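*Asks:* The working numbering applies: residue 1 is where the sequence shown begins, and numbers increase by one.
Because the hints were derived from the structure by calculation, they are not lab data.
All values reported here derive from a predicted model rather than from experimental measurement.
Any given hint could turn out to be false.
[To be verified] In silico BS3-like links for lysine-lysine, alpha-carbon gap of 25 angstroms or less: (1) Lys95 to Lys85; (2) Lys237 to Lys176; (3) Lys237 to Lys109; (4) Lys251 to Lys237; (5) Lys176 to Lys95.
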Amino acid sequence: MGKNGKQAVFLLTLVLFCGIFRGQLFRHARLMNLSGNLRESNVFREMEFSPEALASLDALMEDGYEPGRLLSVLLPWRDFRVPPKTVWDRETYLKAAEVFQTYRPLELKDFQNALSAVWDDLEEFPVSCEPTYEDSWLFERSFGGERHHEGCDLMPPENRRDFYPVRSMTDGVVEKIGWLTLGGWRIGIRSFRGGYFYYAHLSSYARDFQEGDLVSAGGLLGYMGDSGYGPEGTTEKFDVHLHVGIYIEGKNQEEISVNPYWPLRYLEETGKE
Numbered sequence: 001m002g003k004n005g006k007q008a009v010f011l012l013t014l015v016l017f018c019g020i021f022r023g024q025l026f027r028h029a030r031l032m033n034l035s036g037n038l039r040e041s042n043v044f045r046e047m048e049f050s051p052e053a054l055a056s057l058d059a060l061m062e063d064g065y066e067p068g069r070l071l072s073v074l075l076p077w078r079d080f081r082v083p084p085k086t087v088w089d090r091e092t093y094l095k096a097a098e099v100f101q102t103y104r105p106l107e108l109k110d111f112q113n114a115l116s117a118v119w120d121d122l123e124e125f126p127v128s129c130e131p132t133y134e135d136s137w138l139f140e141r142s143f144g145g146e147r148h149h150e151g152c153d154l155m156p157p158e159n160r161r162d163f164y165p166v167r168s169m170t171d172g173v174v175e176k177i178g179w180l181t182l183g184g185w186r187i188g189i190r191s192f193r194g195g196y197f198y199y200a201h202l203s204s205y206a207r208d209f210q211e212g213d214l215v216s217a218g219g220l221l222g223y224m225g226d227s228g229y230g231p232e233g234t235t236e237k238f239d240v241h242l243h244v245g246i247y248i249e250g251k252n253q254e255e256i257s258v259n260p261y262w263p264l265r266y267l268e269e270t271g272k273e
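Using the sequences and the accompanying hints, generate a full structural model.
*Replies:* Written out as structure tokens, the structure is:
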């Protein structure tokens, strides 16, 4: 073999080696995304998505997958960044699932359980009107001291108290009921996969709920109001709206708040109303 031939073989070998090394490096970086206490991380709690990703998620569910299982693989595989027009497909999911299941099975299972608590019990959009709402995750709030908004506010078409019904997004059990200074008349439902779904600022309850009562997805909880920001019975501190919060159990904290915006968008845009 001549000198040029040896150089060609060397360059080809180098290109192949670099390709393999690059693939190993990318795989290692993705595996590191499942390291640590992921359920208490900001990237998990923010729940960053896109409308296109939500639509493709719904299409993948037609293959029999639950959203928590899908997202536990797709989010870390994409470095938790879901830019506009992102579309998830079955081939990507299967490839990523094989890698994570092989090298990070315990971490994958824990993350799947966390996402399942948020996503897998969702069935009903909480209001039948067409509300206005935005991704207000961690917006600044000042009542009761400087703090951040850990929920999503659904504003009805008209500022009418005790008019718009509020329904449970999930099956579950009433865990908390009654007045809170910040939340006014509120009700908290623990779904069967562990998520805590919080509905606040109600004007009234649909019935005399007691802790431990069973609730069905779509069941009437009460009506949108403007209660809260003061002692029991306080109203008119803000416009009528529904505050939705979603919480899960943490490893080092009793509960972790998760951005409800994209789960709400998912329920609204996939027709589960």
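*Asks:* Look at each hint and say if it fits the structure.
*Replies:* Results for each hint:
For the suggested pair lysine 95 and lysine 85, the alpha carbons sit about 21 angstroms apart, so the restraint of at most 25 angstroms is met. Taking the CA atoms of lysine 237 and lysine 176, the gap is about 23 angstroms. The hint holds against a cut of 25 angstroms. Proximity of lysine 237 to lysine 109 is assessed by CA-CA distance (about 44 angstroms); at most 25 angstroms being required, the pair is judged violated. Restraint check for lysine 251 and lysine 237: the C-alpha separation of about 36 angstroms exceeds 25 angstroms, so the hint is violated.
As the CA atoms of lysine 176 and lysine 95 are separated by approximately 42 angstroms, the hinted pair breaks the 25 angstroms bound.
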